[in-house]
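Could you put together the complete structure from these sequences and hints?
Protein chains in written order, with this note's numbering: chain A, 1 to 235; chain B, 236 to 520.
Worth flagging that the hints you see were computed from the coordinates, not collected in a lab. Treat the numbers as computed from the prediction; the structure is a model and nothing was measured. Take the hints with a grain of salt, since some may be wrong.
[Stated by the list, open to error] Some chain B residues close to chain A (C-beta under 7 Å, calculated; not the full set): (1) 403; (2) 404; (3) 408; (4) 411; (5) 414; (6) 417; (7) 418; (8) 419; (9) 422.
[Unchecked claim] Here are the in silico distance ranges between beta carbons for each label pair: (10) B:352 / A:63: 23 to 31 Å; (11) A:69 / B:369: 57 to 65 Å; (12) A:112 / B:325: 51 to 59 Å; (13) A:178 / B:387: 27 to 35 Å; (14) A:66 / B:461: 44 to 52 Å; (15) B:329 / A:134: 52 to 60 Å; (16) B:388 / A:131: 27 to 35 Å; (17) B:503 / A:111: 36 to 44 Å; (18) B:450 / A:134: 47 to 55 Å; (19) B:325 / A:75: 24 to 32 Å; (20) A:94 / B:450: 44 to 52 Å; (21) B:318 / A:128: 54 to 62 Å; (22) B:369 / A:118: 51 to 59 Å.
[As the list claims (entries may be wrong)] In silico negatives: residues of chain A with every beta carbon more than 12 Å from chain B: (23) 35; (24) 45; (25) 64; (26) 96; (27) 103; (28) 105; (29) 127; (30) 139; (31) 148; (32) 151; (33) 154; (34) 195; (35) 227.
Using N, Cα and C, we set each Cβ at its ideal position, and we do this for glycine too.
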Amino acid sequence: MLELDHIEVCHGLATALWDVSLKMAAGELVCVVGPNGAGKTTLIEAIAGLNRITAGTLSMDGASLNKLARNRFCDQGIAIVPEGRRLLTTMSVQENLELGSYRAAARVHRQASLERVLALFPVLKMRLAAPAGTLSGGQQQMVAIGRALMAQPRLLLLDEPSLGLAPSIVLEMFKAIRDINESGVAVLLVEQNVAMALEIAARAYVLEEGRIIAEGTPEKLLTEPHIRRAYLGEA
Amino acid sequence: MNFPSWTLLGQSLLSGIFIGSLYGLLGLGLSLSWGMLRQINLAHFALAFLGAYLTFQLTSVGGMDPLLTLGLIAPAFFAFGVLMQWLFSRFSISPFNSLLVTFGLTVIIESLIQWIWTADYRKMDSVYGEMKFKIGSLYVPLPELLTLIIAVTLSLSTWALLRYTDLGKAMRAAAEDPQIAAAFGVNEKRLALLLSGLAATFAGVAGLCLALSYTLSPSQIYAWIGVVFAAVMIGGLGNPIGPLIAGIVIGVAEAMTMALISPAWAPLVSFSLLILVLLTRADKV
Ligand SMILES: Nc1ncnc2c1ncn2[C@@H]1O[C@H](COP(=O)(O)OP(=O)(O)OP(=O)(O)O)[C@@H](O)[C@H]1O
Ligand SMILES: [Mg+2]
Numbered sequence: 001m002l003e004l005d006h007i008e009v010c011h012g013l014a015t016a017l018w019d020v021s022l023k024m025a026a027g028e029l030v031c032v033v034g035p036n037g038a039g040k041t042t043l044i045e046a047i048a049g050l051n052r053i054t055a056g057t058l059s060m061d062g063a064s065l066n067k068l069a070r071n072r073f074c075d076q077g078i079a080i081v082p083e084g085r086r087l088l089t090t091m092s093v094q095e096n097l098e099l100g101s102y103r104a105a106a107r108v109h110r111q112a113s114l115e116r117v118l119a120l121f122p123v124l125k126m127r128l129a130a131p132a133g134t135l136s137g138g139q140q141q142m143v144a145i146g147r148a149l150m151a152q153p154r155l156l157l158l159d160e161p162s163l164g165l166a167p168s169i170v171l172e173m174f175k176a177i178r179d180i181n182e183s184g185v186a187v188l189l190v191e192q193n194v195a196m197a198l199e200i201a202a203r204a205y206v207l208e209e210g211r212i213i214a215e216g217t218p219e220k221l222l223t224e225p226h227i228r229r230a231y232l233g234e235a
Numbered sequence: 236m237n238f239p240s241w242t243l244l245g246q247s248l249l250s251g252i253f254i255g256s257l258y259g260l261l262g263l264g265l266s267l268s269w270g271m272l273r274q275i276n277l278a279h280f281a282l283a284f285l286g287a288y289l290t291f292q293l294t295s296v297g298g299m300d301p302l303l304t305l306g307l308i309a310p311a312f313f314a315f316g317v318l319m320q321w322l323f324s325r326f327s328i329s330p331f332n333s334l335l336v337t338f339g340l341t342v343i344i345e346s347l348i349q350w351i352w353t354a355d356y357r358k359m360d361s362v363y364g365e366m367k368f369k370i371g372s373l374y375v376p377l378p379e380l381l382t383l384i385i386a387v388t389l390s391l392s393t394w395a396l397l398r399y400t401d402l403g404k405a406m407r408a409a410a411e412d413p414q415i416a417a418a419f420g421v422n423e424k425r426l427a428l429l430l431s432g433l434a435a436t437f438a439g440v441a442g443l444c445l446a447l448s449y450t451l452s453p454s455q456i457y458a459w460i461g462v463v464f465a466a467v468m469i470g471g472l473g474n475p476i477g478p479l480i481a482g483i484v485i486g487v488a489e490a491m492t493m494a495l496i497s498p499a500w501a502p503l504v505s506f507s508l509l510i511l512v513l514l515t516r517a518d519k520v
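Below is the structure:
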């Protein structure tokens, strides 16, 4: 479904991603791990159309997205849960969710999507009219995920969804991510919480200094001493 | 000091509401472009005066009904607003630079007005000018009443647009986080063109109201800037109704100051109110 073929992405003059290749099949759950500043956010934002690709090809179902306007990426079925959530804090929870279904193909299913999101995160029901900025961190993350689901994605991009959340809520978040994936949505997950991410992922990529240095199933990656040392805190 | 009669006070209150609604109408477009496009558009005032002079020309020379001139002025001003935003976006003009650029534009438009219509005072003769009616002992001039109706209608419609329509919600989303709005399908560049077009159209409409009630001269452009800025800052940036309410509060306070104390004190009113509001609400602006 998604294919990145030797892509390069720059921030101004600084290259943040070099020669990155990555493939995802429909319905797959793939995770990307790597240290701070490795380029994980840059990668996710490139797939969402927010960062331009300077070399290589980004394609969905074999068609290149390199020249697509950034507001058309959602029509490819790509939806992002960005780092730090980036809710519209002055707008209500419902308005935030509705933004997710702005694109025409999702707008016609708005009501059904909203009900599905509220079934996944029932606590949001009581908060629909509240300004999104007044919610707790965990609830804000639910709104961010809900907003992306409202777009009816085939591919959900999640950038550190557990960042800054209490451990019990992190568990709930991972469970929700697994449920979403089991409903047929492909998930690309960036996580600092490597142990938990590897537990739910079918495959993983390790990104360091803008390059993919390893990929494979979690079982395979966990046999590599370098990865155990760097990401699981083992001596 | 003699206490003025109730009739005089009532008349002052009314004229305060009327001039306040014009402050609000001028502030509407300014507030939208400031709050939602991050542009401090000084040229909004010059544009309004250009609209006023065009209304004057089409009415006094062309013999059109003043209200019908909007059929020509509104689309032309909308196009101008769109073009201006296209240039601002093309050259990535920062909020601070927008102040400088639009100041330059103000001077250009002022010179243009002076060149075409000279610096002489111009007053539009129209069928509306002479029309007044009486409610009790109070005179209600029709041009001013029209201004109030137009200001209220435009402010409320803009509010409803931003509050209830997908288009308006997308505009608010794009104002807060253009990248995220785009990621969910909002064409934020096109919405910015639309917003800027609307703001310029509102300047044109305000120009019509200026021409209906006031004597025009090019230098008058600058007389409105201070008080309208105060109304916008008190009313809230990007807020379509705030400037109208604040404008009317300022207008009434000015008129009461004139009636009860002295006309010389009136100009102090808007800025005293502004400072008061900024001090009590330091977080909001
Ligand atoms: N907007 C930007 N402008 C310039 N450089 C940037 C920008 N965003 C990121 N970078 C740089 O690009 C590199 C990759 O950053 P990125 O945010 O993608 O890393 P990350 O893996 O997501 O890190 P983190 O774990 O801290 O979220 C870093 O060196 C960063 O400093
Ligand atoms: Mg990141």
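With d taken as the least Cβ-Cβ distance between residue 148 of chain A and chain B, does d exceed 12 Å? violated, 8 Å
Regarding residue 503 of chain B and residue 111 of chain A, is the given constraint of 36 to 44 Å on their beta-carbon distance met? Since the Cβ atoms of residue 503 of chain B and residue 111 of chain A sit about 54 Å apart, the hinted range of 36 to 44 Å is violated.
Would you say residue 45 of chain A is clear of chain B, with no C-beta pair closer than or equal to 12 Å? violated, 8 Å
Restraint: residue 404 of chain B near chain A, CB-CB cut 7 Å. Satisfied or not? holds, 6 Å
Just to be sure I understand the hint, the distance between the Cβ atoms of residue 178 of chain A and residue 387 of chain B should be within 27 to 35 Å; is that true here? Given about 54 Å between the Cβ atoms, the range is violated.
Is it true that residue 369 of chain B and residue 118 of chain A lie within 51 to 59 Å of each other by Cβ? With Cβ atoms ~58 Å apart, the hint holds.
Nearest-CB test (12 Å) between chain B and residue 96 of chain A: Incorrect as stated: the minimum Cβ-Cβ distance to chain B is 8 Å, not above 12 Å.
Range agreement (Cβ of residue 325 of chain B with Cβ of residue 112 of chain A, hint 51 to 59 Å): violated, 41 Å
Hint check: 7 Å Cβ-Cβ cutoff, residue 418 of chain B to chain A: holds, 5 Å
Report holds if the minimum CB distance from residue 64 of chain A to chain B is greater than 12 Å, and violated otherwise. holds, 19 Å
Would residue 195 of chain A pass as off the interface with chain B, using Cβ distances and a cut of 12 Å? Given that every Cβ of chain B is farther than 12 Å from that of residue 195 of chain A, nearest at about 29 Å, it holds.
In terms of Cβ atoms, is chain B entirely out of 12 Å range of residue 103 of chain A? Residue 103 of chain A not clear of chain B: closest Cβ-Cβ about 4 Å, inside 12 Å.
Of the numbered hints given earlier, the model fails hints 1, 10, 12, 13, 15, 17, 21, 24, 26, 27, 28, 31 and 32; all others are met.
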